[in-house]
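Q: These are the residues of each chain, in order.
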Amino acid sequence: DIQMTQSPPSLSASVGARVTITCQASQDISNFLNWYQQKPGKAPKLLIYDASNLETGVPSRFSGSGSGTDFTFTISSLQPEDIATYFCQQYDNLPLSFGGGTKVEIK
Amino acid sequence: EVQLVESGGGLVKPGRSLRLSCIASGFTFSDYAMSWFRQAPGKGLEWVGFIRGKGYGGTTEYAASVKGRFTISRDDSKSIAYLQMSSLKTEDTAVYYCTRERHPGAYDFDYWGQGTLVTVSS
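Residue numbers (our numbering), protein chains in the order written: chain U, 21 to 127; chain L, 77 to 198.
Check before you lean on any hint, since a few could be wrong.
Now the in silico label distances, taken between C-beta atoms and shown as ranges [claimed, not checked]:
| no. | chain 1 | residue 1 | chain 2 | residue 2 | range |
| --- | --- | --- | --- | --- | --- |
| 1 | U | Arg-81 | L | Lys-89 | 46 to 52 angstroms |
| 2 | U | Thr-76 | L | Thr-195 | 31 to 37 angstroms |
| 3 | U | Asn-113 | L | Gly-133 | 16 to 22 angstroms |
| 4 | L | Gln-79 | U | Ser-80 | 24 to 30 angstroms |
| 5 | L | Leu-193 | U | Ser-97 | 31 to 37 angstroms |
| 6 | U | Ser-80 | L | Thr-166 | 41 to 47 angstroms |
| 7 | L | Gly-84 | U | Ser-46 | 32 to 38 angstroms |
| 8 | L | Glu-167 | U | Ser-46 | 21 to 27 angstroms |
| 9 | U | Gly-77 | L | Lys-154 | 28 to 34 angstroms |
| 10 | L | Ile-99 | U | Arg-81 | 42 to 48 angstroms |
| 11 | U | Ala-37 | L | Val-81 | 35 to 41 angstroms |
| 12 | U | Ser-32 | L | Gly-133 | 45 to 51 angstroms |
| 13 | L | Arg-92 | U | Ser-97 | 48 to 54 angstroms |
| 14 | U | Pro-100 | L | Gly-144 | 42 to 48 angstroms |
No lab work stands behind these hints, which were simulated from the structure alone.
Think of the CB as a built atom: it goes at the ideal place given N, C-alpha and C, for glycine as much as any other residue.
All chains, please: the whole structure from these sequences, using the hints.
A: Have a look at this one:
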């Protein structure tokens, strides 16, 4: 099974700050990676697919990059509505697996 | 508008069974694979399994943690996906989400239900 290691587990940043989250796969997963946003009490929402493709309707301040084993998710200018937990998820192999999540808060 | 609505959650004793339903609307249900995920209280996300669409034989795949105990099925005439859970354990306690896979084999889960809570406790 592929293990996904996501860091940091939590972060606090000011409004307007650049936020970066990393996700590392235990083996090469090419670009088969999704990023999700989950707000408290809500279902996850797909933000990025195929590592770097922005889902329709998602603000352009969100972006993703990487391939192989190392991936990055970036919020270019943190907004109050971005407060949430973010998860990466690989789909190179079954079982599908997720990173542990990064809780993003406003400083 | 695409909607997924789960139901059937509740409190159940260890060893018992429970069936969750996911009623879909706003799209041609039979064309899409449907997946189930779960999230234990305060924890991360876990894939449970999925069922492929009609064009791909409606076959299923499961996580090792539920294989042999959980069964996913679908009724395309009613646009409903089911998650039959048996021999439930306390560690199955979680919010269960059903999702739609936008493109076959792409695992791009673009719509999620609101979730239904299953609590396994004596």
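Q: State for each hint whether it applies.
A: Hints and how they fare:
1. U:Arg-81 <-> L:Lys-89: 46 to 52 angstroms: For U:Arg-81 and L:Lys-89 the Cβ distance comes to about 47 angstroms; the hint holds.
2. U:Thr-76 <-> L:Thr-195: 31 to 37 angstroms: With a Cβ separation near 36 angstroms, U:Thr-76 and L:Thr-195 satisfy 31 to 37 angstroms, so the hint holds.
3. U:Asn-113 <-> L:Gly-133: 16 to 22 angstroms: 20 angstroms, holds
4. L:Gln-79 <-> U:Ser-80: 24 to 30 angstroms: Hint holds: Cβ distance 27 angstroms, inside 24 to 30 angstroms.
5. L:Leu-193 <-> U:Ser-97: 31 to 37 angstroms: Roughly 35 angstroms apart at Cβ, these two residues keep to the hinted range, so it holds.
6. U:Ser-80 <-> L:Thr-166: 41 to 47 angstroms: Roughly 44 angstroms apart at Cβ, these two residues keep to the hinted range, so it holds.
7. L:Gly-84 <-> U:Ser-46: 32 to 38 angstroms: 35 angstroms, holds
8. L:Glu-167 <-> U:Ser-46: 21 to 27 angstroms: 23 angstroms, holds
9. U:Gly-77 <-> L:Lys-154: 28 to 34 angstroms: 29 angstroms, holds
10. L:Ile-99 <-> U:Arg-81: 42 to 48 angstroms: 35 angstroms, violated
11. U:Ala-37 <-> L:Val-81: 35 to 41 angstroms: 37 angstroms, holds
12. U:Ser-32 <-> L:Gly-133: 45 to 51 angstroms: 48 angstroms, holds
13. L:Arg-92 <-> U:Ser-97: 48 to 54 angstroms: 50 angstroms, holds
14. U:Pro-100 <-> L:Gly-144: 42 to 48 angstroms: Holds: the Cβ-Cβ distance is about 46 angstroms, inside 42 to 48 angstroms.
Hint 10 alone, counting from the list given before, is not met by this structure.
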